[in-house]
Structure formats: C-alpha cells, structure tokens
Amino acid sequence: MRALIERLERLRRRPAAAWIGIAMAGAMLVLLPFALASVGTAWVRITNLAILFALLSLGLNIVVGFAGLLDLGYIAFYGVGAYCYALLASPHFGLHLPFWIILPIGAGVACVFGVLLGAPTLKLRGDYLAIVTLGFGEIVRIFLNNLSQPVNITNGPQGITLIDPFAIGGFSFSSSQTILGVSFSGPIKYYYFLLLVLVAVMVVNVRLQDSRLGRAWIAIREDEVAAQAMGINTRNVKLLAFAMGASFGGIAGGMFAAMQGFISPESFALVGSINVLAMVVLGGMGNVWGVVLGALLLSFVPEILRYTVEPVQKAAFGRTLIEPEVIRMLLFGFALVLMMLYRPAGLWPSTTRRREFAESE
Amino acid sequence: MHVAAPAMLEVRHVEKRFGGLTALSDVSLTVRRGEIYGLIGPNGAGKTTLFNVLTGLTTPDRGGFAFEGRELGGLKPHRVAEHGIARTFQNIRLFGNMTAIENVMVGRHARTRAGVVGAILRTRGAAEEEKAIRARARELLEYVGIARHANALSKNLAYGDQRRLEIARALATEPRLLALDEPAAGMNATETAELRRLLERIRADGMTILLIEHDVKLVMGLCDRVAVLDYGKKIAEGAPPDVQKNPAVIQAYLGGALP
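Protein sequence lines correspond, in order, to chains F and W. Taking the numbering used here, I'd label the letters of the first sequence as residues 1 to 361. Taking the numbering used here, I'd label the letters of the second sequence as residues 1 to 259.
Note that these hints are calculated values from the structure, not bench results. Among the hints, a few may not be true.
Claimed, not checked - The calculated lysine to any residue pairs, modelled on SDA-like cross-linking and capped at a C-alpha distance of 20 Å, are:
#, chain 1, residue 1, chain 2, residue 2
1, F, Lys123, W, Gly74
2, W, Lys233, W, Lys76
3, F, Lys123, W, Thr58
4, W, Lys76, F, Asp210
5, W, Lys76, F, Pro120
6, W, Lys76, F, Leu124
7, F, Lys123, W, Lys76
8, W, Lys131, F, Asp210
Please model the entire structure based on the sequences and the hints provided.
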C-alpha cells in the first residue's frame, strides 16, 4: 500500500507522466460504467452510491478533517438536501422545478442548517460537540418523520415517492438512450454527472486546503487559542466550515433523491453519519484522496461481500454457515481494529512528507 | 538612557479575579515606543494573566488598556492582533502538525483577505496573495534563523527552534508591540545568548517588546525598564539596576529579611 502511494506521488511530480496518467485514468473512468454494466446494472448503481458517499465524505472532511470539529449528525444535511429536492420536484406538492435550480437551493438550505448547528456549538469541542451534533442529526430525522401533520409537509415515515429524475429539456437521466450507436442507461448517465460533480468537489477541497482559509481551519484544529491570537476570527471561520460541509451534503442529498426516486426519513438515520465518518477516518482524515479512497472502499467492499460470501460458503461447505450480513459486520469490525493498530492515521493520510520532498527539489 | 518616547501601551488599573484569587489588582503601567519592557515576578504573580488581558484572551474585571491611543480592552483576541499586538506563549503553542513555514503563513491571516471564492477559483488576486504570504513567511523564518527547517513539522523542531518559530509567527501578524511570554524558558546558555541577539535585532528594527522572563541576567541586560509583579500587584518599576536594589523586590524574591 505504502509503496503504491509513493509511486503515485512520484508520478504526480513528473508533468508528462502525470498527464499521461491523468488521461489513462480519465479514459478508464469513462469506460468503467460499461464494464460494470456488463456484469450487472446493479453495479453501476452501487458505483453511483459510492460516489455519493465520496461526496458526503469530502463535505464532512472539511468539518472534521480540516477544522477538527467532530460532527456526528452530518447525515442530516444529506437529508435536508434530499427533502429539498423531493419537495420541489415530485407530485407531493405538485412542484416540478428543474434540477439545476433545486440543487443550489438544496445546497443553500443545507448551508443554513449548517450555520444553525454551528452557531450554538461554537464553544464546544471534541466529545461535547459530538454529542450535540448527534442530537441535531436525530432531531432533523425525527422532524422529517413527524412533519406530516397538522400540515403534511414531509409525508412522514411513508416518505416521498415519484421524485423527478434529472432532466434537461427532453434529455432525461432516468431512461435509456442511444447516442452514436452506444446505449446509455439511466444509471450510466447519472454516473457521468456524479463523476463530474465529484471531480469538482475534489478540486474545491484541494484548493481550500492549500489556501488561507484551509490553513485557518487546520490552525483551529491544532490550537484554537493560538489561532485566535494569530488574528483568526475563529467564530466566522468555524461557521464557514460548517456551512461549506453542509452545502456539499445538501448537493449530495439532492442527487440521491433524484437517483432513487423515493426517500424516507429512514435513509438519514444516525448510522449514516457514522458510516460517513468511518469513511473519512479510514481513508485518512484531512487528505482529499484518502477520504475518497475510504468512501469507495467502505461502499464497495460490503457489496462485493454480499455477492461472494454465500457462493463461497456453498462451494466450501455445501451450505451457508454464516449469513452475509453477519460476516460483513465481522469483517468491518476486524478491519477497523487492524486500522487502529497499523495505520491509525488512515490508509492514505495527508502527507507533509510529500511537501517536504517537493520543496527540497 | 532613552529620551522619554511617547507612550505606546497604557495599562490602567487592571483588576482580574478568578473566584477568590486576585490575579491582578490595580496594575497600571506604560510601555513606550521602541523600548524593551520587562515584566518579572515570582511564579503566580499574575504576569501571564496580564498578557492574557492585553491580548484579549481574558477580560479584566476592572480597568482597561489603550494601545496607540485606542481602547482595546474587552476586544476579541483576533481584533487585538489586527490592532498590532502579537504574542508568544509560555507553554509553546505552535500548530504541531503544520510545517514551520505553514505556522508562519497562518500568522499572515489578519493581514490578508482571500476568501472562499478566491480560494476555489484561484483568482489572480488570491494566487498572488498566496505567493506573497509564502515569500513573507520564508523571510521571517530566515530572520529568526530557522529557514532550513521550513518544511519540518513544527512539533518535530528542537525546543529552541520552536521558540524562534513562535516569534516568527507572531512577527508575521505585523505587530507594533511584540509580547513574549518567557521566551528563554528551558533554554541553555548558548541558546539564551542567541535569543538575546535576536531580540536586540528585533528591537533595532523598530519593534517595541513586552517581555516576561525569569532569566534575571537576560532581563537586566536587555530591558530598558522593568516592572515587578508580586501577588497581582505592581511592587516596583524602573530601570533594571534600580529595581534590583529595591527592598520590596528583594523581599518578594527572597522572602523576609534575615533576622
């Protein structure tokens, strides 16, 4: 793993090789959905969900990885974004706004919620902040669950159905279409859209990290008192971290609603927050590439296990000894223990060493 | 002795209590532009508390202070920093997981403007500002003599270098008053001598310095004037030789007169 990372790092510093690498990776990413579709369309959907979780992890990375604010209610922003989309583009209210209007609205509303969570918790850190944010996440979910009366806003636990897919004019993301002799299924179209958003959000993350603001966030994480004394308005900068993280969550939520066509409060329970946090921590808090890696691993591995555990057992013992669900959790727990022991900073931690090499050249 | 320069910092009747403990009681002092003003006293005398008041980390219960004619009492720390008072900490408070140069770059925060949009779009303005921040940080590292460690994590620096880095980081905020809380603590004789040269150079470049220090030799050799705190009260003030002879000071440091 480490050797591979170092090779990648070395490649990144050679411009020509880097461009070839980028072109190859790009080509692979473009062709990937067709390869996946040949195995089964389900795998394209799984990939799309994995990218959504990568987006969520990148958003949470700003709050947890950069600013060091432990947020256990992050999935609430995902929910807010998803419900924004669902309410503005479904028969529930009879509204059908186009997605390119709703996604920014969802990001904005989630951003407001981010500030709502951030403002009262400015003085809290660590465990205390975690508890409050955890409560916040649950409050949002319970609200979504119960806002069906006296006025039916969220349709309660039944959730909202028949949510509009993305569409630009007559070009809908939900149906198959043949362009230039190649058939693009709905999930494949979403895949490309998600990939674009993911690249954009990664660029935003990397640029923020190497900016005046990114440094201010990291400084707050390292020592808040010293950060204040250095002229950083910690209140504003922390609120900004909450707001930015929340807006990414809101965008991801809107895309989730459109892709699924159905959402209910269940999708935004505490376990979702914990999952996203696990992705950030497993991948390597604070490092954009690590976070994406963590999100992809934690999204794919359980799915791969789901499809392999039973056949393997059947072949070996002739029957299923352990349910796939059980073995997934077992392996997950085991992986986390190994992580804590051998790579406590994550699989691909942010390397200051990399910069050391780059500077000395 | 200096010609009496105009007052830069005017502390007036500051009082601070923590529960039943009076950390500062009726402390007044004046720091003139261009001087090195020493603040000494036994442990627990209230020196650091006074520093915390002057940098906005603690609000005084009574009294206040004016810096360059502006009332800064009760302002938030980042506002005080913007007005030109920077500090270091007694127990070094660097951003441990950032490199030395990044630590100094953080110090430029108050003097730069780039926001979210500039950072994300890498506008020309933001990119140039970023370049200037890095260049200035490098200069400051050279100034305090640790440029060769620019890309080392600050937590991995040697102790003396960490102290220097704190000074560089404080200088990055473009202060006009530099408040140093025991910069020589834990240093050996060579390091202390080097530190002294650095402080003299900083003063020669026009900085006013407020210095808390336990190393009496350093204080007496470096400071133009000294104030002595004991149990939260100022018990003496003046030129170092006079203060050294002051009976109240001797009493505070050595206890009661021998029978």
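Outcome of the hint check:
no. : hint                 : verdict
1   : F:Lys123 to W:Gly74  : holds, 18 Å
2   : W:Lys233 to W:Lys76  : violated, 25 Å
3   : F:Lys123 to W:Thr58  : holds, 15 Å
4   : W:Lys76 to F:Asp210  : violated, 26 Å
5   : W:Lys76 to F:Pro120  : holds, 18 Å
6   : W:Lys76 to F:Leu124  : holds, 18 Å
7   : F:Lys123 to W:Lys76  : holds, 14 Å
8   : W:Lys131 to F:Asp210 : holds, 12 Å
The earlier numbered hints that this structure contradicts are 2 and 4.
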